[in-house]
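Chain by chain, the residues run as shown.
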Amino acid sequence: MTTSVSGQPTPEGEADGQHSHSAGDGPPPGDSPGGTSDDSPGTSPRGTPGDSSSDSPGGSSLGTSGDSPGGSPGDPFDRDVLPTPQGASRTLLASLLRPRRGRVWVTAVALLFQQAIVQAGPLLVAFALDSAVPALREDDFGPLTAVAATYALCALASGGLQYAFVRASRRVSQDVLLDLRGRIFRHAQALSLDFHERYTSGRLISRATADVESLRELLNDGLEELLGVALSVVYISALLLYLDWGLGAAAVLTFWPLGLRIQSFRRRSRLVYGKRSTAIAAVIVKFAETMNGIRPVQAFRRERANDAEFHGLNHRHERFNGDAILEMARYVVSSRLVANTAVAAIVLWGAYRVADGGLALGVLAASVLYLRRLYDPIDRLGMFLNSYQSAAASLEKIAGLLAQRPSVPEPVEPRPLPVRDAERPGREVVFEGVGFAYRTGGEVLPRLDLAIPAGQTTAVVGSTGAGKSTLAKLLARFYDPSRGRVLLDGVDLRELSAPELRRGVVMVTQEAFLFSGTVAENIAIGRPDASREEIERAAKAIGAHDFIAALPDGYDTDVRKRGGRISAGQRQLVSFARALLADPGVLILDEATSSLDIPGERAVQRAMHTVLRGRTAVVIAHRLSTVNIADRVLVMSDGRIVEDGPPEELARGEGEFASLHQAWRNSTG
Amino acid sequence: MWRGGAYLLLLGVAEAGLFGLRRWLVARPLAGVEAAMRADLYRHLQRLPVSFHDRWASGQLLSRATADLQLLRMFLAFPLTFLLVNSATIVVGFAILLAQEWTLGLVLLAPVVPLMVLCSWFETRYSIGARVAQDQIGDLTTIVEEGVLGIRIIKGFGRHRSQARAFGSLSRRVRETELGKARLLAGLWALILTLPELAIGAALVLGTVQVADGAMSAGTLVAFLSTALALRWPVESMGFLLAMSQESATATERYFEAMDAPEQADMTRESAAGKSPSGADGLRFEGVEFRYADAPADVPPVLRGVDLHIRSGETVALVGATGSGKTTLTALVPRLHEATGGRITLDGADIAAMPRGRLRELVSVAFEEPTLFSATAADNVLMGAEGAEEAELRRALEVSQAGFVYALPQGAHTQVGEQGLSLSGGQRQRLALARAVVGRPRFLVLDDPLSALDVHTEALVEAALRQVLATTTALVVAHRPSTVLLADRVALLSGGRIAAVGAHHELLRTSAEYRALMSGAADGGSSR
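Protein sequences, first through last, are from chains C and Y.
Residue numbers for the first sequence follow our numbering, beginning at 1 and rising by one.
Residue numbers for the second sequence follow our numbering, beginning at 1001 and rising by one.
The hints are simulated quantities; they were obtained by calculation from the structure and are not laboratory data.
Note that the structure is predicted; figures quoted are calculated from it, not measured.
Where is the CB? At the ideal position from N, CA and C, for every residue including glycine.
A couple of the hints might just be wrong.
Unchecked claim - The following label-pair restraints were derived from C-beta to C-beta distances:
hint, chain 1, residue 1, chain 2, residue 2, range
1, C, ARG380, Y, ARG1358, 56 to 62 Å
2, C, PRO99, Y, TRP1233, 32 to 38 Å
3, C, ASP638, Y, GLN1264, 49 to 55 Å
4, Y, PRO1114, C, ARG532, 51 to 57 Å
5, C, LEU369, Y, PRO1114, 31 to 37 Å
Just chain Y, with the same shape it has in the complex (with noise of 0.2 Å):
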């Protein structure tokens, strides 16, 4: 009896064991599954062009890295095993039902082809109804994020009511489509449950009928009866295990949406063979074009035909009326968008023949909008010079006058940007400019550098930033006088073409576009 006992604690820990180990042996690919497809994403994401992430709210993507790839992890945790397994258990099931009472079995069989166009009925629907909340779930999440990026305005013109309100209404829409789900869900449950149900009810009845008569045994029944009890679990399942196939395939399809968009190739163009760079020849346009992808037909593209050439170590100040595509100009240098027309070369070769990393190393930029990341002050700068040394940064913070950050709490090592300390415009500005000029590029891309800057510390950077310009050869819009003053000529931008170029005293005599363009500052500078 003692080895009856042993035995049976034996299996109890085999059982226990096996158990574990099935666990064990999912957990860490289950995670490792989830985690690596986000990677992807991310690094696919990072690797699309700009005009990708112009197009997709950022809440869009970021729901897909992560409800999305949750919900799947979630699957193939647990419904997909579910799935498999309580369909072979059904089909055996069957098998052996037939096999014991094949006029009975047929009878619990009547059902599946009712279910079956049901659930082919129930899956269009609900996957429609789970791409539409998944959907919303993302607008959701920008909602939530441009509440925090727009705050100031939200506050400044005591909006939280209104915005608020905006996501109510988003999310009583996400519960009107969820409980839409929940209504079909139901539905398919209920008739899954009650169908087979009222078969087995039928084979009851018929099967008690046989006994009666003496056809068949009172254990047969039992037996048969039995046997289709221990289905109803399984065909029961299959209702939440449709439905969580349906959510994690609409899942799926949204993050292959993102995946699917394809990379940029890293050369547009094969290299011209004739034209081999040609020494130092500076930044040439060649009847560059450019039209957004998605822009309407009728709308004439932003830049039709410009032609610049800014000679090596020369600065050419790209002025032009707002929204003339100054800023669109200085993103195709650096190929964040791509020319649809013409060509662009650095020193004679085409950029459209070049690596993206390789141009990027040549050109540095400072945009518009100065971005800090969550990174220390020097990491920030340094980012535009991998393997600078410690003098270059010195260097390039004596440039654009961000002594500043020596004063901040753990120096040029304190946290910046969303998660560290927030800085003022203008210093956010000096830092970019830092990062632009601190690998001494050949090429310097600068958008409005000095906007933001108060008129002392304005004087300083123009001085130091001279020096700069002095070797480099650098497009640089601007918008008023003292920063044209940078540039050696100028360049006037206007109706998608290059429509003058000249010094800045030369234009002001010649052309009434830039003189309307700089005039604030004349008749500013003549009233005292």
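Chain C extracted, bound-state conformation (with noise of 0.2 Å):
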């Protein structure tokens, strides 16, 4: 019988090329989630599921502003399947490990040198007896005194290399996940408005937490569990084939058929776990938005309603969870029926030649010992490719994640923005032929031409759906036009780096959302190195001190301890603090003073005359009383300007705004 061993597909050489991925085989190109369609989270309500035609964002539907029209179903952020490119999670891991090269090196080396003085107890047992023994009977306690010192050092290594490799592997796994996380994070800070509209905070969170503690698994005892398996199967496997060829060789052609299985379950498994990390994200956004929005929830009952949609979900979850558990069952018992029948197979074939006479009996025993621990690691064997295949599915959400491009990328030469005169600090600002469409098509802005001159306060105003927002938001650059150029200063702001535009330009909500922390870190968002001081200094200029002031703790109140009671106008009053703090060449209020009270939008108005005083400003307004504080109107309808001037001149045409104010003054008495 010939061995050619080299050109089986071994399990240790199978998993130890996943690994390292040094292996050519690239996973099955068919197994990736995106070629599902019935991924889809059980509540994905429209149309037909299944259209999967479309595959890049580009081609998907895009709600923004309410202008535009809806996700359609095959839609890949519905189907939380974003478009990622071949063998990502592998390039993913791969990269992940690379600056820890050395340190994974350690780990082997640690755990190698560890598993092989855990061997040497026996040896020394043998030693002891053989030598020590007939040395002590002559008095001779060098042998003994040599055994006790060797076993003693013995102990001693195995603990300190075992204390090396976990500190070791630990330290690598950590850096892993401290790098993964920042990615993620990162990245997702960088994209833009339209991905985070379409996404959901719940998903990303399964991203940054779920899927990550995936590959937490894989990486605390991956490499253990690898090792150990490669070494023994190598071990084993060159004992046998020196005890006997023939049943050596035998033992080794079973990886054939064990390589098959194992190929099988990764494919299937990987499968099982892509919807999985699906699932438990669904589970994580219905969770999330219900916690987010309980008192709509209390209020109006949905509880129970609630329940059972969360009970969909999570049984969803479940299944997956059940069926990878089920994918490992499947495994084991498979493989340990091949394994089993082989050492049937193998004793049987071996006792015909002990019965020929071509087999020591000796011999046939120790091989049927050891193919017995040959088959041993399948079990650990299967750990490590679950975990393998958990991480994989969730580092390719990841890597699906951190595939998308920013469609608002930073400038790779970015130019400065002229220095402005501390008198005059603010800014000029043009559109210059800009048209905007939302990606699904119905263009929001047709074609927008208008300057306003530093300094000026522009008031804009027009029916929901008329492009204002859409204005504001090209200015602030929460998107690119798909035409034209938004200059400020005469310099496009595409060309400017983040914190320049920044200093330039700053944007005030309607929604006025407070992060974790004190009053004081909120308005700080403004100007993070800005002092206590000028903290209060913007919330007494804004009228916000006096409440702030009320607070139990004053400025440094936990607003998420007490965040229910901050009320929705003092939110408001604190994101303009913030705006105040920032200090911008141009200001953008959109509908930012929906919540205020009138005493709280006159401190705004008065703000704006002392504080903001000669900034550029654009305020989008649907209460007239703001209008009056602007020195141009601008109204806005379909897309276009219709109307531009003075509001008094306006107010007296007979134009659009002249109605609106007549309407406005009737409505106030």
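With the hints in hand, could you dock these two chains into one complex?
This is the structure in structure tokens:
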């Protein structure tokens, strides 16, 4: 019998290849979750599922300011299957591990030595009985002392190496996780608004927590499992071949069917884990949504309906979780069957050879014992592959997220803004032939030409969908125009670095979100290096100081602990204080005074007259009282500017503004 | 010989079958335990008072529902079994060792005491680390969530770098904690490996001497040492098994922290027998007091004795300075917060003596911040009334001037909310208003319901809303005269009390505070 071992896909070679990413055979092309249309969460309510034709985000719909139509059934965002390049999860893992190569080697070497030392025990026992006992009988304590010393040394060394191994491997694992979490978060923060409006916070949380966690399992124990399996398989195969060529070769041949089992296990479990990752994300999305909207949930008695909906999502996750365990069971059973059949066949063959006198009984006995041990690592290999596939599925989701390119990228070679005079801090804004369409089509701004001189306060009015908010978002560079340019003091916004842009333009929105932390920290978002005096000055200027001072810990009150008690109006004041602190050249207020009462609104107007004097301001307002402070009013309709002029002049005219103004005067009595 | 082979094969098949059976048996239950605990937590959290949710960051709740429960499932899958099996193996192993050679057995037992001390020291230390790490993961979850919910502010101020720095420093802290845990684990593991090994070495030396003296046969020593070496893995494994148990223990502790928060009693007061519902009495506040449970003792209550009677069918506007407690007062009516003093009655019935479900059926609310859920626009509106008809939906959308939903891609069945189309603030507010009026509730509480509407729409909504309010008992929080004019009377909330009640023009004349609150509009109007 000839032995051509090298060509066989041995389990250890297979597994090793996965880990080092040197193996040529990538994952089967068809097994990425992207190919499955039944992957959509059970809640996806629209249209017919299974229309997975749109594979790029560009081909799908985009929900934005409410002026644009909604998502299509095949939207990869809805189904949580962002396009991922081939082998992206592998590339990602490799890129995470590469900088830690040195430490990975240290880990492997420590583990190898440790395992070797552990094997020394039986040898020492043999030495003690064979050499030390006879020596003792001759009153020679030398060999015994040697045994004692060596044994003690081995014990200490094995402990020390174990210590080193655990420290080094956890260090690698934590460094990788730190790196990966940071990448996810930084990337998510760099992605544009349109991405976040579709991806949902729950999914992002899922990527940064649950998916990262499954990589942790692999990193913590993976190397140990893998090395352990590889070592024992190589060691025992060699022993078997050494004991008897024929039996050894037969044993090695069984690696082929086992390899097939492993292949199929990998394929199947990867699919299940991909679905599980999608399912847990859907659970997290629902959970987060409920907890963030607990007031309306309770007030409208949604508890029971939510229970039922959550049960559906949770049950889906439960099923895939169970499926994953069952895949493992299927693998263990089938490979055990293969292995045990092989043992029975080899033993039978050996027995015939013993009967023929071609094999010594002792050799057969030893071979049988070793055969059992050869197949022992099947379970451990399964555990390794299990965590590998779980991590691979998660990494694929993460890679899909990381592969999203920001639609509003930072410039490679930023240009600076011209230095402005301290006396004239405003900047000039020019919209030059700007066209903008949300990706679904339905152009919102067909063509906009607009120049706002430095220091002018411009109010923009118009009905919902007229394009006011789009104008504001283009100026704040939340989006880039599809055509034309937006210029700030003559510099295209696309050529400004992010810090430069935000010193130039700041936007205060209607949603006044407070972050965890103190009130002072929330105001300091406007300018992180601001001193306490500056923060308080900004709060005073906007009329927020009194209520902040009245909070239990004043500016150091944790908003999360008492977040429910800072009213919407107070939150808007805090976000104005942020803007004052940021002290931008151009200030955009996008319906930012909606929840303020009249004294609050007056304080804001006063602040714009004093603190923000000389700034260029664009005020999107539905309240005409805000318009009164404007130098100029733009009336928008269907993405076009239909009226433009000083408020008094327009109010006297016949246009839309005049009628709005009339309505407003009537409403205030 | 064939028969021998067949038996061997049969044995092999049986073994594989049993392996599979064990896994097959646990697969569904294991996944089931995790899912059931998560569903319980979700169920429970939904029913906890709003004050609980104000205190807890949702990331902390989320990490309990995901990471902690996953940990627990993993613990139940393997470590728990091994912990039991290996402990039993060790006990039995030592019994055999002592039976074989009790002197040498005692030598092996020597490290047990120091190891036990060590393990218990380790457990305390490690569980602290595990707890810290899990809490930090909860905080991390919160930052990620806020990073998305507040993305417009982060982008608007260009703060994504500082936000990433905050995230980075917290995740570095997580790493430090984890490395601290690793240090502990590595130390424990090394000692668990070394001490028994030293004892075996000692036994080997003593045994060799005895063999040399002829007091023991070499075979006995080999048998003894084989048994001892067979115990190596069970003993070694104790290191990470203990670590896993500690982590699961703290995870469970975290889970039950949230689970043990008491749900409020459905009825906090017995229905007063004498005062049975007396027809159409309207909405009545009698000496209502409220202070937040965690407010410092020296801070006066937010509401201290609110007396207000809204007659049946009447609409009262609630006006007050920013932070005067208007929103708090509105939250007391559907019992999102429980009044800490006084009582609120609906048609004479004390709301504290009413099942919450019933109360919330009677009272419909539109919140200051209109929250839409990931559902269709129609579902979002209809959650205000179970079993309402299409016609009801149309009427409600008409009242709130939310006809724009019919122009959405799939009309009223377009998905909105976080997982759907994002609507503008004004659109969200109109849907929330439609939700409040769709069920034709007897009592309506509206918190500044028109703040985000443009002046045209506002006028239209007001006209339609008047029709609804004509037949409803309503409390409307108002910031400006246009909203105030919806009401029959105005109540001024000041200093935790109702300072004045009257018609708009009357209060403008008599109350300086009211005049100040409404003055902006007054001189805004007179300037033209």
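Would you pick out the hints that fail for this structure and give their numbers low to high? none
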